[in-house]
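J.: Just so you know, the protein sequences line up as chains A and B, in that order. Last residue of the first sequence: 701 (our numbering), numbering continuous. Last residue of the second sequence: 323 (our numbering), numbering continuous.
These aren't lab readings, by the way, just hints derived from the structure by calculation. A couple of the hints might just be wrong.
[As the list claims (entries may be wrong)] Computed, partial: chain B to chain A, Cβ under 8 Å: (1) PHE199; (2) LEU217; (3) LEU219; (4) LYS222; (5) ILE249.
No experiment lies behind these values; they were computed from the predicted model shown. Backbone N, C-alpha and C define an ideal beta-carbon position, used for all residues, glycine too.
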Amino acid sequence: MIPVLLALLALLLTGGLAAAWSCPRGASRIAAGGTAVAGLLSGATAVQTLAGAAPAALTLPWSVPLGAFSMGMDPLSAWFVLALAFLAPLAAVFGVGSLRDEEASRRARTAWGWFNLLVASMLLTLTARNGMLFLAAWEMMTLSSFFLVMHEHERASTRDAGWIYLVASHVGTAFLFAFFVILGRGTTMDFTAFGPPATGGALFLLALVGFGTKAGLAPLHVWLPEAHPAAPSHVSALMSGVMIKLGIYGLLRTLDFLGEPQAWWGWLLVVAGTVSAGFGVLLALGQRDLKRLLAYSSVENVGILAAGLGLGVIAARGGHPLAAALAVAGALIHIWNHACFKSLLFLGAGAVRHAAGTTDLDLLGGLLKRMPVTGASFLAGAAALAALPPLGGFLGEFLILLAALRLALFGGMSELGAGALAIAGLGLAGGLAAACFARAAGMAFLGEPRAPGAAGAREASKWMTRPMEALATTTLAASLFAPLALRAAGALVRNMSWLPDGAASSLAGCGRVVWGVCLGSALLVGLSATVFLFRARRRRGRPTRAAGTWDCGYAAPTARMQYTASSFSEPLTSLFRAVVRPGERARPPEKRFPAPSAFSSTGKDLFRGRVFVPVFRAVSEAAEWVRRLQQGRAQLYVLYVALAALALLVWKLR
Amino acid sequence: METFAEVLIILVVLTNLKLLGSSRATACIRTVAAQGVLLAALPLVTSGDAITLRMIAQALVSGTLKAFVLPFLLLRATRGARAGRELAPFVGYTTSILLGVALMPLALALGRKLGVTGPAGADLLAPAALFTLLVGLLIIVCRKQAVTLVVGYLAMENGIYAMGLAFAQREPLLVEMGILLDVFAAVFVMGLVARHIHREFDTLDTDRLSSLKG
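Next up, chain B with everything else stripped away, as it sits in the complex (with noise of 0.2 Å):
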């Protein structure tokens, strides 16, 4: 089982690479579902025995929202627009992923730091959720197009959620129901403002929107 779990975690962590290198929206909106999916099954494969109903009802219930619907709305946001691939990032994908290496010798280390005794066989968990967030903030920071920003704030998402899991094993998902909501709706709206965007300008670059500064 712990095997398994540290498995599961190694694989979040390349799919955050996955998600510095790739230029294609489309890719970035896939990679960030089955993160999300990953970090879905992560409780049901840390808790070993003590597996209840209501654990694998909630795992159902975040991994169809994650691997499904924020990535329709996702990919409706892209249809139609040429932007299928980010040419001009604020941060190059070679460059974004040599920091993103070398962030995570920071994400380990304050990891450590924090003092957080994963459940069994995840003492990476911490460390790795620490990665996750840094790396959707790094995305954030350093791309243009109105739906890569959407999938670095998933990523934060993921990275928050994976965070929960280490810090209160037993309860997370009640904190994590309430966050998913709130990224449902914020997803939603990005969706619809990345629309609007592309109606406007014909592109899904923000920076764009500094035309619009008075």
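So here's chain A without its partners, still in its complex pose (with noise of 0.2 Å):
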């Protein structure tokens, strides 16, 4: 645990002394420096526990009403706390790159400091063994996020952002705080007292929607398109990539601490999962902006989550050894790849906005030829969100759908229900994922620029394709590492109090499965390169002819005759019109010799316009009657304390 304690000590320091740093150039790097060392300690300890080093703990005086600053390192932390180690300095560095421009500024400087403490906070939220330090450091986490959500605070739209991310945040962590205190009795806050409680089923749902407004599960997802389009790109890579991750760590610490699980908490996550899975890529695909794209395909990827978290206790519940072990270790394997392909997606779209100006996918266009690193890295990107074989992303869902099939194979009828679900929900939201996904490469990087800004862009410095080139390489590479994260799995899954027992040795079968899709996924590599080196060796020594991209004997071909993103999407999603809801303008052709036309389509956000906005609407409203008691003038004010002194003095006499 000392590493552990000793890079919250370096995060926390370097934070303070970039935030305090005056010289221009010093605060990025000494940031950056400290979160890379952080990284080193806590990933070295992570993969001692994940390579079976017995598991660590520590506990420090602490004079907190039923807390204890006591810390911990089981492979169940160790599994996140490996995706956080190494994506935390890659983000770092990126930061350094894209905060160049305002480096000298008080602002860059107080956003290294929050991004420190935030990496610090979910350190040690990871990390906690009582539920007070639990809830501090969560909460810390918030509210570091949130100062960087809100880093362009001039613009409206952001501070609109930050706004819903602190109430939706705040909310979560209200449903937490109950489900800590009722779980622990009033008594305790240890993460080892804590036993199977008797009001398990009402504990569990408190954790969803607890643990599940932070992963951005649907209905509750509604802050997750707003914050991280807002905040800086390398902590947009970092919140989608490791925070919203946390919430899935919580749900899975939830499992184990209420003991034997009720099917229907199965079912309940299979259905959240199935509907964020698939609402989160359909409005994905109704996206114009590229940041909030990703955000919805975050949502979608957490839904794959919570849907294999949901398979995996059905299973156990049905006793489905395999089944379970299958359906978490798929999860478990794409919080790694989701980590780093997401990561990789959201740095791009910020090298993207750092060369373009904006990241309106109208806007965009022809960026492969101007930007090559950030393009290739992207399209690597993209490939593996759509789960394409061999790249990271089809390991983890192909895990998740193998263990869904062998449910509804062999399982009882409930059981085939789910799996069918989950089967048909996952199939749908995988289809859309590449649609939506070539869109967005297709879109921004080939065609022609579409806006001055995409035509005079320009690559990236080192800074930012250095970390985007690692992490294109490591998702090209994920399947490589296949047998090992298989292998570390199951350490997870043996730990697994809630999971039957033969979950963990029957996994260890599976072996030859994933080693068959590694083999695999190497043939297909090898295969392409040398069609590829073949094409290449035809195609030597003759000469190359240049011709416009549109020239089909038209004369003048402009970038706007190109496809739009909304005309790409058009036919997808009016096919799936009540749920999304395109804002669609159009003005069709009319007469003969058409006047000018136009059609444009945004995805609209079901739950936030039906759901939310009323409700809290008439919230506010209910609350107006109680603004009315503050106008702002001190005089009112001592009346009401006059008033209520008197009040009471007369009460009392009386």
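With the hints in hand, could you dock these two chains into one complex?
T.: What follows is the structure, given as structure tokens:
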């Protein structure tokens, strides 16, 4: 535990120093250096733990009621800490590059302070072994990320986003408070002292709302598509890559606390997961803003994770150790993969924004020629997200679907239903995700620039491209590490008290399937490389003729003749009109010699417009009469105090 | 001796009404100073023969502070401000006096109920103290000018002092000294604040401060 403690100290020290440092170049490098050191220290501990070292623990004196500063590192924590330790330094290095323009400003320096505090609080959340400490770290995480979301606070949309994020997070935290208090029966907050409670179902619901809000499960996802686009890209990468996964971490811990799970918990998770996956990807398909699209895609992936967990619970309850182990291991592996490629995509979006000044897909285009490294990395990330076989993103979904298939084939009627639902939902989401990222990558990087900003784009600096290259390599090579990841997941599965006994050992028997995937992937990569080389050799020596992309005999092509993001997704969004409710504005051509016509669409969030806005408006209206008491006049407040004192006096002396 | 104490108490009540009725800040400051002096003299009158040197000294300190130091600080704050008189308070002067008159029976009833048997000849002391306290609060609620608000605060302090006299005849002064120190610090700070308000907004009205609200 000492390395983790040192990592925390390094983060806090360098973060504080960076925030206070007035030397123009120093702040960024100090903070990023501290994050790198912390990543090394905590990553090494996590790897040791996953490799089979004894779980470590540490308790420091802390005088808070029911609280204890007890930290620990077991395989479950290590799994997430490793993702954090890998991503945080890369995001920080990217941040050094992307904040360079405003490096000397006070705002950038405070942003570094918050960034390191965010990393530290995530590390503390993952290693906390006491409810009070956990909640304190959780709150710290929310607040530091809130200040990072508010980085560009001069924009009204950013302030809106920050506000929504703060409210959503605190609603979630309120549920978690209740969860921990009831779980400890108000007498203890130590994780080790939590026994299987009598009111497991209610506690599970509390945890699902509390952790689900952070994870971004539909319909609690509303803050995600607001906060991610508003935050600086290296922060959204970290938030989407690791922070929302802490919600899943919380759910896994909860399952450990609650003992024997009920089947309906699993059903709830499967339904919420498939709804999130389908809904998230459909809305992603309708977005014009690249970062907002990525945020909705995170909702989709969290849905896949929740569905995996739910299948695991159902299988554990129904006595299918192999299916349970497969589902949980699939979800775990998908956590790593998603962390990799989603932060890669967010960093790519950040590089695009830095170069072209916008992330609006209808103003981009042709960036692959102008930003080859960013473009190639983004394409790799997009392919991984679409779960194309040799890349990261495939294995996790593959294992989850395998588990669903086993449940559907060998389980009873109820398990058949859950398995079929998961297969249908995740299959649909996977197909739509491929379409969605074909659209995102195609609109941004292929074709011709649609606006002067994109036309003048230049490749980002080394600070920004190196992290993307590292992440792209990781996600490309992910399948090669599959057997290793499966072994590590086995260690976790063995430690989960709610899984049936044979789960871990039956998982070890799956090694062959995974090796097959691994070899198949290698073969596929080798085959594509051979074909590519063969073609390249045949083409060598022949002259290459350049012609206009849209040169079908039309004399004056312009960039406006390309497909736009809206027109590309129109067939699919109109198919799912009932769910997506595209905000379409169309002016179709009318007469024989058509006058100017136009079409544009934006994906609108059903839950936000139909559920949360009305509910919060009702609450706000109910609170309006309370606000009348507050007029901002000191005299009035004194009057309230005086009247209250007088009333008390009269009542007491009556 | 008893009649003397009663006269003093009635004078205190009258100064309260004068405070509610006067619109000039300087007049208010002088009135509250006079009230302070009256109250400082009260323990010397009520305790009859048992006057000690210590009581005289404390009365002198309290009287000097209230009659000279605090008015000096406040008058300095109003100096240069056009606002000698407050033209548009939240509650008008006639209404304020009427409210004060309405508060008087309430204070009497409550003061009786408190069951304090004041020092010799001062059954009226507890109601009068309560009345002074309420009038101070009323001034704070009804007026806008920073200096007038401080005057209300001082009247409240006078009320607390009088209440202390009614409760603990022997050792009121120890408490009083503590409160007096607070009041001194508060008036000092509020005098500064008033000057800053005046410099910034060219008026002493505190309701302009709500424009600072975020």
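J.: The structure should be examined with respect to each hint, and the outcome stated for every one.
T.: Here is what the structure says about each hint:
no. : hint   : result
1   : PHE199 : holds, 6 Å
2   : LEU217 : violated, 12 Å
3   : LEU219 : holds, 6 Å
4   : LYS222 : holds, 4 Å
5   : ILE249 : holds, 5 Å
Figure legend: structure checked against the earlier numbered hints; the only hint not met is number 2.
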